[in-house]
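Colleague: Chain residues, written in single-letter form:
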Amino acid sequence: MSMSLEVFQQRILPMKDKLYRLAFRLLQNVQEAEDIVQETLIRIWTKRGEWGQWQSLEAYCMIAVRNGCLDRLRKQRQRLTPVREDHAWEVSSPDKDPQEKMMAKETMTRIRKCMDGLPQQQQLVIQLREIEGFSYNEIAEVLDMTMDQVKVNLFRARNAIKQSIIKETSSWNGNG
Amino acid sequence: MERQRIAALLERYWQAETTVEEERELAEYFRGPGVPPEWESYREIFSFFEQESEVQPGEYLEERIMQHIYPRRQQRMAWWAAAAVIILVSALIYLIQPAPKATMKDTYDDPQQALAAVQKALLTVSKKMNEGLHRN
Chain B
368 MSMSLEVFQQ RILPMKDKLY RLAFRLLQNV QEAEDIVQET LIRIWTKRGE WGQWQSLEAY
428 CMIAVRNGCL DRLRKQRQRL TPVREDHAWE VSSPDKDPQE KMMAKETMTR IRKCMDGLPQ
488 QQQLVIQLRE IEGFSYNEIA EVLDMTMDQV KVNLFRARNA IKQSIIKETS SWNGNG
Chain E
8 MERQRIAALL ERYWQAETTV EEERELAEYF RGPGVPPEWE SYREIFSFFE QESEVQPGEY
68 LEERIMQHIY PRRQQRMAWW AAAAVIILVS ALIYLIQPAP KATMKDTYDD PQQALAAVQK
128 ALLTVSKKMN EGLHRN
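For the protein sequence lines, the chains are B and E, in the order given.
To convert, count from 1 in the first sequence and add 367; that's this note's numbering.
To convert, count from 1 in the second sequence and add 7; that's this note's numbering.
Rather than coming from a laboratory, the hints here were simulated on the basis of the structure.
Derived DEER-like restraints, expressed as beta-carbon distance ranges:
(1) B:Gln420 - E:Tyr101: 55 to 63 Å
(2) B:Gly419 - E:Ala88: 35 to 43 Å
(3) B:Ser502 - E:Glu45: 28 to 36 Å
(4) B:Leu437 - E:Leu99: 58 to 66 Å
Values in this document were obtained by computation on a predicted structure and should not be read as measured data.
Glycine included, C-beta positions come from ideal geometry on N, C-alpha and C.
Work the whole structure out from these sequences, hints included.
Modeller: Here is the structure:
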């Protein structure tokens, strides 16, 4: 009992940020992303008797959150389109001068828009690789893909983001 | 030298052929100073990913989860609090409660008789006190 609690607090709970970011990538809503993480971790706790049979606790948590989100999206799609929270990712950097800040913000917005516009699988691969630093193996497991699919998705996503920013830079040069 | 190495890593990065460690090295490089202007847009990309990796849920999420996982801690606390309150209240009641009063009985029906008896008693006490004082 206290063993499970220890495992939960030392291995599962510290994943909450990662799980939240994955949920937010899919749901684009702070409250819903938090709800999914909470629901999922509580459900995983109730299954503590089975933990020993799972290959990787971490992968299981990621998969559970992903499935929870996809499920919710499916239900939402049946009702209405999800609401985006554009303010959720705004960051302020007070040490930069206003113009530089605006330019940096614009570039960030451009990258974000590009990423949000990618096919879902590419978004998830980018999220797990670039933001969470997962190996191809881990990504393949969490997203239920082959290693080749992971690589192809990553290749396409990276190049789409690169293109979006290069286009932006050249359009600035053209205007100025 | 470093620039050549980074250029080669970038080349492989766009081909999705870099390892996690190599990508960490790239991120480290683009975080630092001295990134040439032609790579400025790449710096933005790595900075975007870094910024995204700092996104966190609200601070009370962990607390909310733990309340479901281990409410026993709260329960135990509640029991201790209840026990403390009971002890405190009993102690207060015991301390505040006045001592039982001695009940008095009338010994005389006639006020005159009573006065005489009191005077007699006081006189006896006074007499005994005087005897005691003059003995020294």
